[in-house]
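Residue numbers (the numbering used here), protein chains in the order written: chain A, 1 to 417; chain B, 1 to 417.
Warning: the hint list may mix true and false statements.
Copies of one chain are not kept apart here, so a pair can be met inside one copy or by any two copies together.
Said to hold, decoys possible - Restricting the straight-line Cα-Cα distance to at most 30 Å, the calculated cross-link-like pairs of lysine-lysine (DSSO-like) are:
| id | residue 1 | residue 2 |
| --- | --- | --- |
| 1 | Lys345 | Lys58 |
| 2 | Lys58 | Lys228 |
| 3 | Lys34 | Lys396 |
| 4 | Lys256 | Lys380 |
| 5 | Lys363 | Lys72 |
| 6 | Lys363 | Lys259 |
| 7 | Lys380 | Lys264 |
| 8 | Lys345 | Lys259 |
| 9 | Lys73 | Lys363 |
| 10 | Lys270 | Lys34 |
| 11 | Lys363 | Lys256 |
| 12 | Lys394 | Lys259 |
| 13 | Lys396 | Lys58 |
| 14 | Lys158 | Lys380 |
No lab work stands behind these hints: they were computed from the structure.
Protein chains: 2
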Amino acid sequence: MSLPVSPLAPAAFPQMPALTGVTFAAHACGIRYKNRDDLLLMVLPANTTAAGVFTRSKCPSAPVDWCREALKKGKARARAVLVNAGNANAFTGEVGAASVARTVAKAAEVIGCAPEHVFVSSTGTIGEPLPDARITENLDTVFAKAMAGGDESGDWQKAAAAIMTTDTFPKGATRQATIDGVTVTINGIAKGSGMIAPDMATMLSYVVTDAALPADVLQALLTKATDKTFNCITVDSDTSTSDTLLLFATGTAGNKPVKDAADKRLKAFKAALTEVLLDLAQQVARDGEGASKFIEVRVTGAESARAAKRIAMTIADSPLVKTAIAGEDANWGRIVMAVGKAGEKADRDRLAIRIGGVEVAAKGRAVEGYDETPVVAHMKGKEIVLEVDIGLGKGKATVWTCDLTHGYIDINGSYRT
Amino acid sequence: MSLPVSPLAPAAFPQMPALTGVTFAAHACGIRYKNRDDLLLMVLPANTTAAGVFTRSKCPSAPVDWCREALKKGKARARAVLVNAGNANAFTGEVGAASVARTVAKAAEVIGCAPEHVFVSSTGTIGEPLPDARITENLDTVFAKAMAGGDESGDWQKAAAAIMTTDTFPKGATRQATIDGVTVTINGIAKGSGMIAPDMATMLSYVVTDAALPADVLQALLTKATDKTFNCITVDSDTSTSDTLLLFATGTAGNKPVKDAADKRLKAFKAALTEVLLDLAQQVARDGEGASKFIEVRVTGAESARAAKRIAMTIADSPLVKTAIAGEDANWGRIVMAVGKAGEKADRDRLAIRIGGVEVAAKGRAVEGYDETPVVAHMKGKEIVLEVDIGLGKGKATVWTCDLTHGYIDINGSYRT
């Protein structure tokens, strides 16, 4: 099963600067896939701080349970990240937790660190016990590879490719900023394309900066930036049991640590972090299963920012809106329907809708005689912009998604085996 | 555009007993469709009481606004129902409200009743002004037809067909019960197949009983029965601007009016009403756009009935669950995913899942070596039953939906024109 690369993929994987002391290796362990890397080990320097954001699912996977606990127990320090593709180790009961414990113990032994400084993720089939021996028996080799700085070392593209499941392209992003005059780098990779597509998919992302930042500051920055980025994308409204976003700060850039997340010296860093997360998040939406169009939904004039986001997400999640866009139909009636169903305050007679910048409806009705030509041309493109003004207040939000096509049904309606 | 009849349709339209004084006519007004009935006028006897349940959309159509207001202003009395197909008169601003006013005024004049005793619904394209003259100029003829007791009179199937949009079959249901020893009949028709499918669809239902029931009792019974029936179905999670369910009681059966909805003498009537609504609601799900399988989702063991319903609806609305069923894949991992995303209390390690009566997962993991043969056979059938026990409490709920197929994309991704 090899899917064609999404027509919405970026032209190329970005050039990522090396980060001092950060080394990694990908390896083919045969967990499920044959003849491809399916394990990523990233080793981080001592004193690296960590922050995490996880799925809101009430049925999280065993690795998510572990990461949440490790962040607390290990006081938000990290020495390694271990990610496998092909098996999610989700809904595997006690067996799943035992797998995590064995994997983490072996990694900690090889690296020489506390188990709670090892973060793990698994993505792939749900409900099947993870064959963790295939990971542990390879860990000596993988660690040696990482430390040798062999051909994989520093190769972020290879790292991003090792954690793919139904993704059609590896996802990476990088930005630089200064803190107190010191240049720092932020590198990130991600995977994800549907929520748990043909039994495998999930959103995982690992972001590393060489900035020196206390763990509590890191967590505050990550939580805030996630809200405007990864929490603003949707493919099919489904939520994985395994979503994991981890941010690590190694401190090797040598800036003076800033102790308050609100400190103005972090302004440029915050902006760069948000850009990295947004870039990665949008790549996930661009790789949405079966996607043929990338959709930006901008809502303005809502009662509050929260209301705006809920309305925007309701539009982005509506199967009727998404199928209309797949059919290149500027069907704004469905946008009205979605606004109405969102449950937030709205006044039909104040709504205004723009498609590709052209106002098609205002004051509760169609704009008479609007020029359809640019709208039709916009709908035939790959990048669709929908704007809705609620006309009530100042709340605004922007979210991103993709269309709903036959490809989605093909990918998700097929047998697992 | 003529869609093939859903493979999930009932064998035949039911035989509906005549109701004294209830007369109606269907007519081809050419509102949008050519050469088919697109208008239904139902005339009800004097002193008929009325109750209604409407869309929760914050952007309701002009006819929904009217019906809500008419129920209040007319003290929940009704003399007529007028429904057109082809144009929803939704998101039409003041022009839409004016259309309703003209239509209602003409109907009231023809029938000789107060305007607020005329209930109207429109279903079809959103955002286009309703050509109401095509209705008003035909109303004398339609009323004469209804009163003549011509060939349409009493033909509930013709009435149900006149209000169809993307429906592939007309929907009707009938039951009888006794109140205080007097036999009463409940007849209902409905339309609906997606939420506002290719710009047209919506759920409309009109139910008439010859029982004598005060309006407040009627409203209480309707609200309660709706919660277990029409509010337990979903096709694509999208909500129409026009959903309308009206219940009328003519009183011609001659039972002694019961003044309290909690009165035990209404027990059989309540059960029969719920059966009629459930029958109609399930027919709507069976006619879901592109549906190839009818799905019953039963949730037990939730913290509360409300939690159970929310979990059940989340499963029923999940594109990943629905595409898996379309693919005949007993993919219970996606059911776990949906339970997790519902936001209600759940403990992964207490969940149990049955598909077609066979336990496939329990205590947070797959049931080892369960017999797949009956499960595979069940998935190949047209009637799918998913059972989820949350293992926490006594809350339970059952909801109904259909699968998500290429047919849905075909119907909803096509151009309006």
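Okay, the hints, checked on the actual structure:
For the homomeric pair Lys345 and Lys58, the shortest alpha-carbon distances inside one copy (29 Å) and between copies (7 Å) are both at most 30 Å. Taking the shortest Cα distances, Lys58 and Lys228 sit within 30 Å of each other both inside one copy (22 Å) and across copies (26 Å). Proximity of Lys34 and Lys396 under a CA criterion of 30 Å is satisfied in neither setting, with 46 Å inside one chain copy and 44 Å between copies. For a Cα distance limit of 30 Å, the shortest separation of Lys256 from Lys380 qualifies neither inside one copy, at 51 Å, nor across copies, at 64 Å.
Taking the shortest Cα distances, Lys363 and Lys72 sit within 30 Å of each other only across copies (27 Å), while inside one copy they are farther apart (52 Å). Within a single copy, Lys363 and Lys259 get their C-alpha atoms no closer than 49 Å, and across copies no closer than 45 Å, so neither meets the 30 Å cut-off. In this assembly of identical chains, Lys380 and Lys264 lie within 30 Å of each other by CA distance neither inside one copy nor across copies; the values are 44 Å within and 61 Å between. In this homomeric assembly, Lys345 and Lys259 never come within 30 Å of each other (Cα to Cα): the closest approach is 40 Å inside a single copy and 37 Å across copies.
In this assembly of identical chains, Lys73 and Lys363 lie within 30 Å of each other by CA distance solely across copies; the values are 27 Å between and 56 Å within a copy. In this homomeric assembly, Lys270 and Lys34 never come within 30 Å of each other (Cα to Cα): the closest approach is 40 Å inside a single copy and 60 Å across copies. For the identical chains of this complex, Lys363 and Lys256 are neighbours neither inside a copy (54 Å) nor across copies (50 Å), given an alpha-carbon limit of 30 Å. In this homomeric assembly, Lys394 and Lys259 never come within 30 Å of each other (Cα to Cα): the closest approach is 33 Å inside a single copy and 49 Å across copies.
Proximity of Lys396 and Lys58 under a CA criterion of 30 Å is satisfied in both settings, with 29 Å inside one chain copy and 18 Å between copies. Taking the shortest alpha-carbon separations for Lys158 and Lys380, neither the intra-copy value of 34 Å nor the inter-copy value of 41 Å comes in at or below 30 Å.
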